[in-house]
Amino acid sequence: MNRILAVVILIILGFFLISPLNLDFGHPQLGVSQYYINYGVVDTGASNMVTAIYLNYRAYDTLGEATVFFASALGVFMLLRREEERNSDG
Amino acid sequence: MDKTSSIVKIFTRKLFPFILLFGCYLISFGHLSPGGGFQGGVILGSAIILLGLVEGVKVTEKRFGEEFLSLTKNIGMLFFILIGFTGIGLGYFFLSDFLPRGDVGSVPNTGLILFLNLIIGFMVGTGIAVIFYRIVRHGSEE
Numbered sequence: 000m001n002r003i004l005a006v007v008i009l010i011i012l013g014f015f016l017i018s019p020l021n022l023d024f025g026h027p028q029l030g031v032s033q034y035y036i037n038y039g040v041v042d043t044g045a046s047n048m049v050t051a052i053y054l055n056y057r058a059y060d061t062l063g064e065a066t067v068f069f070a071s072a073l074g075v076f077m078l079l080r081r082e083e084e085r086n087s088d089g
Numbered sequence: 000m001d002k003t004s005s006i007v008k009i010f011t012r013k014l015f016p017f018i019l020l021f022g023c024y025l026i027s028f029g030h031l032s033p034g035g036g037f038q039g040g041v042i043l044g045s046a047i048i049l050l051g052l053v054e055g056v057k058v059t060e061k062r063f064g065e066e067f068l069s070l071t072k073n074i075g076m077l078f079f080i081l082i083g084f085t086g087i088g089l090g091y092f093f094l095s096d097f098l099p100r101g102d103v104g105s106v107p108n109t110g111l112i113l114f115l116n117l118i119i120g121f122m123v124g125t126g127i128a129v130i131f132y133r134i135v136r137h138g139s140e141e
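Read top to bottom, the protein sequences are chains A and B. First residue of the first sequence: 0, per numbering that gives the first Met the number 0; consecutive thereafter. First residue of the second sequence: 0, per numbering that gives the first Met the number 0; consecutive thereafter.
It should be emphasised that the hints constitute simulated quantities derived from the structure, not laboratory data. Beta carbons are placed, not taken as given, at the ideal position from N, Cα and C, and that holds for glycine. Hints may contain errors.
[Claimed, not checked] Per the computed footprint, the stretches of chain B lying under chain A, defined by three or more beta-carbons under 8 Å from a beta-carbon of chain A, are:
{"id": "1", "region": "7-19"}
{"id": "2", "region": "49-58"}
[As the list claims (entries may be wrong)] Pairwise CB distance ranges, derived in the manner of DEER restraints:
{"id": "3", "chain 1": "B", "residue 1": "S139", "chain 2": "A", "residue 2": "A70", "range": "22 to 32 Å"}
{"id": "4", "chain 1": "A", "residue 1": "S71", "chain 2": "B", "residue 2": "G55", "range": "44 to 54 Å"}
{"id": "5", "chain 1": "A", "residue 1": "H26", "chain 2": "B", "residue 2": "L89", "range": "33 to 43 Å"}
{"id": "6", "chain 1": "B", "residue 1": "T3", "chain 2": "A", "residue 2": "S71", "range": "48 to 58 Å"}
{"id": "7", "chain 1": "B", "residue 1": "S139", "chain 2": "A", "residue 2": "N1", "range": "47 to 57 Å"}
{"id": "8", "chain 1": "B", "residue 1": "F84", "chain 2": "A", "residue 2": "H26", "range": "34 to 44 Å"}
{"id": "9", "chain 1": "B", "residue 1": "F67", "chain 2": "A", "residue 2": "Y56", "range": "28 to 38 Å"}
{"id": "10", "chain 1": "B", "residue 1": "L89", "chain 2": "A", "residue 2": "G74", "range": "54 to 64 Å"}
{"id": "11", "chain 1": "B", "residue 1": "K2", "chain 2": "A", "residue 2": "S32", "range": "24 to 34 Å"}
{"id": "12", "chain 1": "A", "residue 1": "I17", "chain 2": "B", "residue 2": "V7", "range": "50 to 60 Å"}
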């Protein structure tokens, strides 16, 4: 049973190793990156393309990022309370 | 107790406003030059951390209180979400850019990007400073 499992895992890993060799580098499948390069300044008015993407096209992702930061700050807040705060919370 | 050399203290006091100014510059010019909300916010936070390391957290807390910094962080998060819902209220999608635009190259020309950068910058700066306060105080208790 273990040998069969090992063979299956090897085949899957080999597939993932070999399949990138056929990729056509320099010709992305998605056309959206070329759209950002061509129309980013017109659409957003930001000459910094990174900012144009992460605060205009992908602002929703940035909201998630800010949420992760906020949650981590809250976690530090909760774990490192002062003694009196910890006692008053019960 | 006071082991910090006076050279470091004086230089930190002189440098502190300039570090804050550089952070605000990075935030407000984030859409024109390299930089942005996160990077500028980290510089704002590191200025407060520098002051806290040199002068001590208690002295720094008189100027930048933990309550104030924490409130800024929470209000920033709230404003981010409120701006997103304003887009829906005006008939666009969530977090869409509903402000008018000026010429490329001027500072307030990109609609929401400037405001989102400001919000993220102050959120990250105050959040990092608050985390630093908490960790230092926790270490000094034990």
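Against the structure, the hints come out as follows:
no. : hint                       : result
1   : 7-19                       : violated (count 0)
2   : 49-58                      : violated (count 0)
3   : B/S139 x A/A70: 22 to 32 Å : holds, 26 Å
4   : A/S71 x B/G55: 44 to 54 Å  : violated, 25 Å
5   : A/H26 x B/L89: 33 to 43 Å  : holds, 39 Å
6   : B/T3 x A/S71: 48 to 58 Å   : violated, 30 Å
7   : B/S139 x A/N1: 47 to 57 Å  : holds, 53 Å
8   : B/F84 x A/H26: 34 to 44 Å  : holds, 40 Å
9   : B/F67 x A/Y56: 28 to 38 Å  : holds, 34 Å
10  : B/L89 x A/G74: 54 to 64 Å  : violated, 35 Å
11  : B/K2 x A/S32: 24 to 34 Å   : violated, 54 Å
12  : A/I17 x B/V7: 50 to 60 Å   : holds, 57 Å
Violated hints, listed in ascending order, are 1, 2, 4, 6, 10 and 11; each of the other numbered hints is respected by the structure.
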